[in-house]
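Chains as they are written, first to last, in our numbering: chain A, 1 to 238; chain B, 239 to 344.
Hint data in this document are derived by calculation from the structure and do not stem from the laboratory. Careful: at least some of the hints might be erroneous.
Unchecked claim - Within a straight-line C-alpha distance of at most 27 angstroms, the following computed DSS-like cross-link-like pairs (lysine-lysine) qualify:
1. Lys-243/B x Lys-36/A
2. Lys-243/B x Lys-37/A
3. Lys-275/B x Lys-291/B
4. Lys-289/B x Lys-275/B
Remember, it's a predicted structure, so these values are computed and weren't measured experimentally.
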Amino acid sequence: MHIPDGYISPHTSAFFYAVSIPLWWLSFRKIRNTLKKSHIPQLALLAAFSFLIMMFNIPLPGGTTGHAVGGVLTAVLVGPWPALCAITLALAVQALFFGDGGVLALGANAFNLAFIMPFAGYLFFRVSAGSSRRSHRRTVIAAALSGYIGINLAALFVALELGIQPSLHHLADGTPLYCPFGLRVTLPAMLIPHLSVGGLIEALVTGGAVGFLSRYHPELFIDRSVTGEERDRREADI
Amino acid sequence: MRYRKGWVVLVVMAILSPLGLLAIGSAWGEWGLDDIKEMIGFEPGGMREIKEKQPDTVLPDYEIPGFAESGWKVGLSTILSALIGAGLTAGLTIAIGRFARYGRLS
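Make the full structure from the sequences, and use the hints.
In structure tokens form, the structure reads like this:
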């Protein structure tokens with residue numbers, strides 16, 4: 001899921017930096033305006049959790065390996081904008097110190113794993129979990145499904161970014177310059193393993209953690225829109 | 239220390255991180271140049287150019303250079319990498335979070 005350098009062209013890399021830099025800025029502003037000082041250690045904890053969970057490689061169908069990301073879990077707990085910052089930092093450390101994912105490709109990797117995944121998962125969670133007076137079971141199922149959807153959408157974007165390379169950049173005779181595989185190869189190669197097993201792992205991590213934390217540590221759900229606090233306050237104002 | 243249990247969970251995860259190495263095979267689309275050449279018969283020109291210019295990272299593949307290639311020392315170097323990486327990630331997040339909170343100009 002981490003695109004290494006050399007698989008996408010410098011143009012593609014620049015394009016995704018151009019998309020991601022404003023998103024990082026918005027994330028920074030959101031942290032400044034909505035998180036309390038005491039919430040920062042929790043954000044750090046989740047960023048480190050995401051870094052670590054990505055080290056647990058699991059064999060996927062087709063002879064490849066994959067791992068959970070924790071992007072949706074982070075978004076459900078602290079909100080998608082702070083999650084964007086946390087997951088980006090985990091990806092940045094992986095790229096800069098461990099050579100996992102490219103430095104040039106960091107904009108693209110952040111777009112897939114720190115933006116698409118947390119935001120898609122978060123939106124689905126909000127819609128499917130419903131109001132603040134939901135049952136515990138519904139919360140867990142909604143969280144698991146959100147994790148499944150989030151990681152698969154990220155995998156879809158990785159496949160698209162890699163798969164368009166041969167048609168974007170090739171020599172006159174058609175020899176590819178970067179990722180040599182087109183969409184017909186990248187789409188099934190990324191999606192089949194994630195739809196079948198990778199998504200289940202993410203669902204297990206997200207559903208399990210949200211289920212446990214909502215029962216024993218509900219104070220960790222600092223995203224107001226998830227706890228329903230915002231709505232309660234609005235109702236109190238009326 | 240706030241979130242003590244959370245930090246304990248992270249240390250346990252770091253200690254278990256060598257388990258993540260047991261999975262056979264590699265992630266799709268994250269191969270080196272040699273693997274690509276083996277798969278398709280040539281090295282894509284642009285990819286080679288970028289990879290050749292790329293500086294080496296400090297701890298490639300979550301291993302500490304100089305540690306043995308096999309045996310328990312690999313596991314230890316993975317655990318150390320996990321601790322270093324998780325620590326760096328958490329530290330960076332706290333730094334940026336603090337900057338966001340205190341760096342307010344108005």
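Hint by hint, here is what the structure shows:
The suggested pairing of Lys-243/B with Lys-36/A holds, with an alpha-carbon distance near 20 angstroms, which does not exceed 27 angstroms. Between the alpha carbons of Lys-243/B and Lys-37/A the distance comes to roughly 19 angstroms, so the proposed pair stays at or under 27 angstroms and holds. Distance hint between Lys-275/B and Lys-291/B is fulfilled; the C-alpha atoms sit about 18 angstroms from each other, no more than 27 angstroms. Only pairs whose Cα atoms come within 27 angstroms are accepted, and Lys-289/B paired with Lys-275/B is accepted, the gap being roughly 14 angstroms.
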